[in-house]
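2 protein chains.
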Amino acid sequence: MIVKVGLKAQENRSYNIYVKWGIKEQLSVLLKTLADNRKVFCIWDKNVHDIWGSSCLREFESITWEASEKLKRLSSIETLARKLIRKGADRKSLLISVGGGVTGDVVAFLASIFMRGIPVVQIPTTLVAQVDSSIGGKTGVDLPEGKNLIGTFHQPIAVFTDPEFLTTLPDEIFNQGMAEVIKTAWIGDPKLLDILETQHDCIYKKKKDFLEDVVFRCVKVKAQIVMADEKEGNLRRILNFGHTFGHAIEQVSKFAIPHGNAVAVGMRCALLLGQIIGITENKYVERLEKLTELFNLPSTIPRNLDSNDIITAFYSDKKKQGDKLTFVVSSKPGEMSFYSTQELDLVKEVIERAKK
Amino acid sequence: MIVKVGLKAQENRSYNIYVKWGIKEQLSVLLKTLADNRKVFCIWDKNVHDIWGSSCLREFESITWEASEKLKRLSSIETLARKLIRKGADRKSLLISVGGGVTGDVVAFLASIFMRGIPVVQIPTTLVAQVDSSIGGKTGVDLPEGKNLIGTFHQPIAVFTDPEFLTTLPDEIFNQGMAEVIKTAWIGDPKLLDILETQHDCIYKKKKDFLEDVVFRCVKVKAQIVMADEKEGNLRRILNFGHTFGHAIEQVSKFAIPHGNAVAVGMRCALLLGQIIGITENKYVERLEKLTELFNLPSTIPRNLDSNDIITAFYSDKKKQGDKLTFVVSSKPGEMSFYSTQELDLVKEVIERAKK
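Residue numbers (my numbering), protein chains in the order written: chain S, 16 to 371; chain P, 16 to 371.
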């Protein structure tokens, strides 16, 4: 006896990303319209709240948390969920994430599982979050076995991106984000690579028009990729450029190497791999090296990280599939492809070269 | 500057529920077809594995857990996720839940957040799970503040329902499930109420054809409601018949009163409410009382539960909305409606009457 449960396709989940210097001052009005009578709860990275909490979003209920990769765990989700309940949140509530990538991932994940899912708005305050993690609906927390192993796809109902937040970002955190900017430019906007090279000084000094342009260009690239491939069928995986090596390096360093640095090194690894297999010319490796240097990002793997440990780390990454390792490679800016291999000697050679 | 992220509607999520005595013996073949090269991991309620683990699903990786409401928490999700990772599960894996309602809720929730979502198959082994919780895609875990406050909608890709599992179910657990059967019959299949009344002996003795018929009828009712209203817009809320009172009673008893008993009492409360507001005739209250008695289910709220505590408990249930309490009421079997009230005196009168 068979009973068929026929379900309709899910409703429209499209949304807008608003990129505007100073938009944070208009959030009260914008969010009230968007909330449509829902109760609004802001979850802030405590550091961001200390700086900006007195000047925006003041009329909404606020919860702060000490965002860190270490606390990106299910136990923090439970703590935050309980705080929401005690403050009266219900399934007619709206969550607002205010902070960087970790806060965005955690709050959006919480929204996706709080009372079986409530809407979330992203207000990214770091460069990484603005150009990358706030877009695309990936949410998640870590397990001791690896990063983002637990999570959902939960699209925000809107993203408000104010590059002015970046003016109070410590330089080293800003530079971390530049690794994702370089990645995004390399993947989908070669013109932006020229801009980064010629106007790095204005960007580095966080001048309004330059910064707004950089963020806007990256958002466009990321949004296009997400639209074409929401759930990482294949195309979206090009966003992993530099990340397969990067994640492994991060992990083996026990996260002493920050994400952006790891991605910068990881992109060089990907180009070195391309060079070895004969698809990437040396001038592109050099171009990347110079670019990362401009923004004080490293390009070599520290010698004390064991190459075999890095290879082992690939296999705890959820991106593995069977025994083959797949890397995003690039023949030149804007031309990306995938390379799968079981030859660990080849991978090891890349790692050894990247140590120099 | 606005970037629009346009996303397509989500793909077909329809699925079949197979109800068949003895289908467990065919699961190896059925699941291999369904798995389509995915690695299969079965998560079993340990008690069920002790009884049936040697006779079905033996060729698949198995994880057992000690299912209980107390362990229906995020910490168990983390433990199970880590076990899956260590056994080599990845995002190309398929989870199978084998057990009752708690196991089904936990495993389906885990599937929905494991590496941002992998498919799940439900193999419900208790009556509650077979007629109710395995159908409809609701998943979840509890918080100390209330039941199912954390969860997702994650439809299974198939449900295999074998009423033979019920033959090894302890009588009191079987009876708990009969509360949901009575609820389902009352809501959507008045003919099943007649069957329960006239053939209760055969059902109680778990005779094959009778049990299969009861389960199949309930599955059809539940599937129809879920199809019409997947995400509890309104219609699906009629499935909460008896549950608003029931959950509150469970909670105030600190879960000493099992779910089925609480629902049986809760349905009587709902009919008593209907009587007071003038929509339910007394003969229907009596009919329900007799039916619950036939299956050894209670119909009164224990006197030691404080009426005010029960009212307070309504407000920690995620179904609340503003200050109004909404109850599913019934003018007669098959005719359900909603009644919203702020008059706590009225609700208290229902509770007082239900204590007799």
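In short, the hints are calculated from the structure, not lab data. One thing to keep in mind: the hints can contain errors.
Treat identical chains as interchangeable: a pair holds within one or across any two.
Straight-line Cα separation of at most 20 Å, PhoX-like style, residue types lysine-lysine; simulated pairs [what the hints assert, rightly or not]:
#1 LYS206 to LYS347
#2 LYS102 to LYS47
#3 LYS269 to LYS235
#4 LYS35 to LYS222
Check your understanding: If you check each hint against the structure, which ones fail?
Key -> Checked against the structure, the only hint that fails is number 3, while the rest are satisfied.
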